[in-house]
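Model the placement of chain B on the given structure of chain A, informed by the hints.
As a plain string of letters, each chain reads:
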Amino acid sequence: MQRPGVILAWSLGLTVLLLAIAVASAALGPVRIEPVTVALAMLNAVVIPSGVETGTWTVPLLEWAVPRPSLEYSRVFAFEVQRSHQTIVGDIRLPRIALAATVGFGLAAAGTVMQGFFRNPLADPSIIGVSSGAAVGAVATIAFPALIPIGLRPAAFVGAVLTAFLVYAIATEGGRTPVATLLLAGVAVQAFLGAMISYMLVHSGEGLRQAVVWLMGHLSNSTWNDVGLSLPFVLAGVLVLGAFTREMNVLLLGEEDAHHLGVDVERTKFLLLALASVVTAAGVAVAGVIGFVGLVVPHIMRLIVGPDHRILLPTSALAGASFLVVTDTVARAELYGMPIVPVGIITAALGAPFFLFLLKRQEVHAL
Amino acid sequence: MIDVRDLSVAFGDVSVLEDVSLAVEEGTFVGLVGPNGAGKTTLLRAISGALEPDTGLVSIDGTDIHTLSSRESSQLVSVVPQDTTLSFSFAVRDVVEMGRTPYRSRFSPPTVEDRERVEHALERTGVDRFADRSIEEVSGGERQRVILARTIAQDTPVVLLDEPTASLDVNHQVETLELVSELVADGKTVIAAIHDLDLAARYCDELVIVADGSVLERGAPESVLTSARLERAFDATAAVTTNPVTGSPVVTALPGEPRGDADTDDDENANTATGERTNGPARVHVVGGGSTAAGVLARLEAAGIDASVGPVAETDVAAETARQLGVDRLTVEPFSSLEGATITALDRERRRSDVTVVADLRIGAGTRPVLESLADEDAEPLVVVESTPFDERNAVDEGARDRYERLRTRATTGDPETVVGRVLEAWNARSNADPDGRDRHDPIESDDD
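Chains as they are written, first to last, in the numbering used here: chain A, -13 to 353; chain B, 129 to 577.
Mixed in with the good hints there might be a few duds.
Said to hold, decoys possible - For the chain B half of the interface with chain A, some residues (derived, Cβ under 7 Å), not all of them:
hint : residue
1    : Ala178
2    : Leu204
3    : Val207
4    : Gln210
5    : Phe216
6    : Ser217
Everything labelled a hint here was simulated from the structure, so no lab data went into it. Virtual Cβ for every residue (Gly too), placed ideally from N, Cα, C.
Pulled out of the complex, with its shape left as it was, chain A reads as follows:
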């Protein structure tokens, strides 16, 4: 049994590691900034909600103006930091780092859930077509902006969630959703959506480059607004998933065993799938298709902390956050004037060899 203390210690340790990596990452760039200054600037960027402001929001297409409440924030700290450094850290590097951490956190958590759910070491968050769905939404927005006026990120998010539910609906018959059917339906739907994406790419004209960069996954030009869009879904989703870790463990024994141990199998499967899909969608929608984080990070953490989801889920999520911050720091080399390298390329370029290394050492053979 994993004592709560062990879980807490691991989580705290990995959180500290994540913060350290964030500081190091924010110190790197065309302008070198001292880590201490970075830390102070980061603290200065911390805000807490201080009030509610009501603005208006216009519903797309219908042109309805509806009241839209939004939170006001105020800063907590006011350390003395050079103004330009504060801007570089607080407004340019930190949002990107925060977004990388959010997306990595979500993808690794969703990957952990999917691998356990499918009892398949090759499962990753996009296995039931979430990423393909997001890509269809995103590429459609880029290729045919007039058709989809809701913006790239909402379109990608909606595409992702709709695809997940479509695959689930296809695989469900008579109240049961066999995992194998789900997997195959996911593969088939992904293939179909892949065809749609290819078609749209061919006809995307000037948007081709933007579409390709999106498809490869990137975090450039991230803003706090992106973080605000993604983080609530990811955090809420992973928190709720955290309440189902015992069920995930029992499901590893097989569905019939799980039923005999009191788990409402079909309901739990639906919940896990829905939550993992939403978390993945929230990540993919803002960062594009970033592969291998959700596949490799859970495997590595499973080697370290074991298969118990009570400790595996939080540690995988935190490690995923650190992993993506590190890889995106490498990807930011484009800022030095190097050719642009989308972070998705780097995660795959680093993740795939590492995965093969584990595979050859026979350490990744099962869950």
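Chain B alone, transformed into the frame defined by chain A:
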């Protein structure tokens, strides 16, 4: 406790269970036996609630199991599955702890009772010795105990086990079933599919023979395990004897075709098999070899008639069958010619017996003394059974044929399937004609020979 009524389950067009009804009292250990594919696992899955039956009802403690939520049913019934997916490295203790899942609430830590039940289960099964090892590292027998410990931690009034001993070696099989018996002694109601008939007979209070998707028979092991029923259920020849150590029935499956529907034609066979035979020969000697003689031995043994066999080559299937049945046998080196001592022994066995059966006797150069011994008048009553034409068995000459034909004319003849009937016929004919003739066959006297 468990009430199964008119249960039918079909997978697609294939009917797996048909109108199965079964009531099990609280605190009994019921064994499901029957051939592979008979529907034992399906029946267990329907009882556990994992499988929705097409028609019929399963109620446990008065509640229809299929109306309960997983959580509710898992507090009533626990299941030890045939094989548990264990391709992950949970600690043994974690696996046992999963047995408490039905009682745990989502956010609170395990209660004192949860902890105590887990510790109790670990100790009781002896799993505590390796509780911190990974489930992947323990042996098959230990793993089975871990799953049993999980079931004990789950602490349900009904426990279902699907082939709990299938992959275990013999000491672990016994250990596992001892443990299950203890649970039954504690008042739990257990249904287990057990393919090993001897173990099932030894440990279960009642046996249920499942064949072709229905319940063929149920009752105490001694009354259920009869060769006639087993032949019907398993479509194979079987002999039922008694284990001298445990006193429970021992089933030996034998080579050879079953004799057909035991209920209709060979009534005397079916009756003798259930021990209702009152009158007949006490001992029969079989001369011959091969699967025909083996089948004859099995049928005699199944009918409750003591048998002996020989001379037969040590490597002959009939000798092996005799060894398994615990039948006296007179063995010789393969392909050796029969010496005087062997023939003397044959004569002695023959005289001790009430009837001599000649089963597919092969005639070689060395078997001439056997035919001469059988030519003796006191070899009667004689029964000759054949399944291979004489020419294929005769390696010598026409003289052997003549001797064999003379033997046949003195004997009651038949095929191996009906040998018990022929033996009874021959014995009755002889004892009616010569009511005092049996005295010389008294085994006690013949021991002094």
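Under the constraints set out in the numbered hints, which ones does this structure not fulfil?
Numbers 2 and 4, in rising order.
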